[in-house]
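Residue-level listing of the chains:
There are 2 protein chains.
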Amino acid sequence: MRLDLGYDGASFVGWARQPDQRTVQGELEAALTTLLRAAAPPMTTVAGRTDAGVHARGQVCHVDVRADTWAALPGRTPASPAESLVHRLAGLLPPDIRVHVATVAPPGFDARFSALARRYAYRIYDAPAAADPLRRDVLVHRRRLDVAAMDIAGAPLVGEHDFAAFCKPRDGATTIRRVLSLRCTRETDQLVLVDIEADAFCYSMVRAVTGALVAVGEGRHDPSWPGEVLAAGVRDPAVQVLPPGGLTLEAVRYPADDELAERATSTRRRRAGTAGQPDWQTGHQ
Amino acid sequence: MRLDLGYDGASFVGWARQPDQRTVQGELEAALTTLLRAAAPPMTTVAGRTDAGVHARGQVCHVDVRADTWAALPGRTPASPAESLVHRLAGLLPPDIRVHVATVAPPGFDARFSALARRYAYRIYDAPAAADPLRRDVLVHRRRLDVAAMDIAGAPLVGEHDFAAFCKPRDGATTIRRVLSLRCTRETDQLVLVDIEADAFCYSMVRAVTGALVAVGEGRHDPSWPGEVLAAGVRDPAVQVLPPGGLTLEAVRYPADDELAERATSTRRRRAGTAGQPDWQTGHQ
Numbered sequence: 194m195r196l197d198l199g200y201d202g203a204s205f206v207g208w209a210r211q212p213d214q215r216t217v218q219g220e221l222e223a224a225l226t227t228l229l230r231a232a233a234p235p236m237t238t239v240a241g242r243t244d245a246g247v248h249a250r251g252q253v254c255h256v257d258v259r260a261d262t263w264a265a266l267p268g269r270t271p272a273s274p275a276e277s278l279v280h281r282l283a284g285l286l287p288p289d290i291r292v293h294v295a296t297v298a299p300p301g302f303d304a305r306f307s308a309l310a311r312r313y314a315y316r317i318y319d320a321p322a323a324a325d326p327l328r329r330d331v332l333v334h335r336r337r338l339d340v341a342a343m344d345i346a347g348a349p350l351v352g353e354h355d356f357a358a359f360c361k362p363r364d365g366a367t368t369i370r371r372v373l374s375l376r377c378t379r380e381t382d383q384l385v386l387v388d389i390e391a392d393a394f395c396y397s398m399v400r401a402v403t404g405a406l407v408a409v410g411e412g413r414h415d416p417s418w419p420g421e422v423l424a425a426g427v428r429d430p431a432v433q434v435l436p437p438g439g440l441t442l443e444a445v446r447y448p449a450d451d452e453l454a455e456r457a458t459s460t461r462r463r464r465a466g467t468a469g470q471p472d473w474q475t476g477h478q
Numbered sequence: 194m195r196l197d198l199g200y201d202g203a204s205f206v207g208w209a210r211q212p213d214q215r216t217v218q219g220e221l222e223a224a225l226t227t228l229l230r231a232a233a234p235p236m237t238t239v240a241g242r243t244d245a246g247v248h249a250r251g252q253v254c255h256v257d258v259r260a261d262t263w264a265a266l267p268g269r270t271p272a273s274p275a276e277s278l279v280h281r282l283a284g285l286l287p288p289d290i291r292v293h294v295a296t297v298a299p300p301g302f303d304a305r306f307s308a309l310a311r312r313y314a315y316r317i318y319d320a321p322a323a324a325d326p327l328r329r330d331v332l333v334h335r336r337r338l339d340v341a342a343m344d345i346a347g348a349p350l351v352g353e354h355d356f357a358a359f360c361k362p363r364d365g366a367t368t369i370r371r372v373l374s375l376r377c378t379r380e381t382d383q384l385v386l387v388d389i390e391a392d393a394f395c396y397s398m399v400r401a402v403t404g405a406l407v408a409v410g411e412g413r414h415d416p417s418w419p420g421e422v423l424a425a426g427v428r429d430p431a432v433q434v435l436p437p438g439g440l441t442l443e444a445v446r447y448p449a450d451d452e453l454a455e456r457a458t459s460t461r462r463r464r465a466g467t468a469g470q471p472d473w474q475t476g477h478q
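Protein sequences appear in the order of chains L and W.
Under my numbering, the first residue of the first sequence carries the number 194, and numbering increases by one thereafter.
Under my numbering, the first residue of the second sequence carries the number 194, and numbering increases by one thereafter.
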């Protein structure tokens, strides 16, 4: 099954299951255990392993369900089994997680390894009085930002680069990523959107890149600075890693169905060529 | 001063100050006390006295500030005193309240008595799997609603009527209100919006009216039913008062500046003619 889901990350220590901690994966697998009447929690595999406090609108995961379990699911009419599953999950999950769509995944689909790209949004109110208390996914910043300068500053980061300067280091893991697009715009007069898509992200990369762009937006650094930090290739303490609450995983992109298996194979091979680090394609943010 | 503000009502027992309870008015007046260095909390007067759990985007209140206090406010440059006040309130208020704009109110302005109309929105996800966990202002409903039928059902409620059938009774208070518009539409494929504007509302009126419309939307009652309930003029136990979390005060409308004082006078006179009940124009929801 492929599950498309969203969550408010504020009350989770992140996606990944951890003992005695409230995690999205833990809550989802508990609901699936109840729903599928499984003896043990079914294991989910996720496209973007979000960090504590990070939100998601377009998260994708998959879970293997035995055909006989599927066939034995009660209460399926008049909806399809997948529609019924989604409807019943809505009743089992806490209100801060919602599975929007369930589909029988096409052959070869792997939520993590088949993905072509992840898209994240970092949102910032740059006038504190403008913040909408009903929104939970926007950082409040006390100074006005020059979004045009931020947008120019982001351009050199697009393409395949070693993003070591913007990543928390993990021994042996590659920090080479391909940023497919990076744009800074205003969603409203007082809400700045940093929209970034990449094949994958290394740990804390979006929050560090956005931190560098915000420094430009405040006028503390020239628009050339983020590109210079990137080129230096080492973590720069002047780059502030922004808090998680403004970050949302918006979407995950997959190839056409007949290319899913090939993509998963090539991604796994690529990962195996980089010291086998498990976090390569997870986009842990 | 006129203050335009919004709040997430979830963690408040309502607008109105109460001893030992967390209220919007209490938090706001505490912040104003600090800001104005006042010996006692300055009293605020509000347009729509929202109930526990009800949200606001376009709430309006006023507060009297002595000219010498105003003149003595520190840290005003380069912004205007009003801009400075809003910026500093953002730092003093909890994140679930935000004063968006402060203005020196025109002569004769009274947030409560000068208002021409209040507009409320009641929002409902009518497919539970569609709920966005990042939104806090939408009721989740498990059954699909017929919005066209709801819209037809609301039409007879527009105009001046005795809304006793939809109000929690308060001895001696009139229940005559003028509904200026009432529309049911879809904001998105799975989000139903009930948008209602009236000169004022009596207690729980929007939530009861919406409850009657939802019963029509579910097919439990004919579209003629809400109009029949209205005409009967007594509370009907079949009308469900919906929970507060889906309700938001969206906007308050005022006349042109030169008509503010006249409007306030005529509203006060009207209230005095109805046994002097204090809740007449407050739109307590």
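It is worth saying that the hints were derived from the structure and are not from the lab.
Hints are supplied without guarantee of correctness; some may be wrong.
Computed beta-carbon distance windows for the label pairs [stated by the list, open to error]:
| id | chain 1 | residue 1 | chain 2 | residue 2 | range |
| --- | --- | --- | --- | --- | --- |
| 1 | L | Glu455 | W | Ala431 | 54 to 62 Å |
| 2 | L | Asp429 | W | Glu276 | 33 to 41 Å |
| 3 | L | Ala231 | W | Glu276 | 28 to 36 Å |
| 4 | L | Gln211 | W | Thr378 | 56 to 64 Å |
| 5 | W | Gln211 | L | Arg371 | 27 to 35 Å |
| 6 | L | Pro448 | W | Asp382 | 20 to 28 Å |
Cβ coordinates follow ideal geometry from the N, Cα and C atoms, glycine included.
Hint compliance check: list the failing hint numbers for this structure, sorted ascending. 3, 4 and 5
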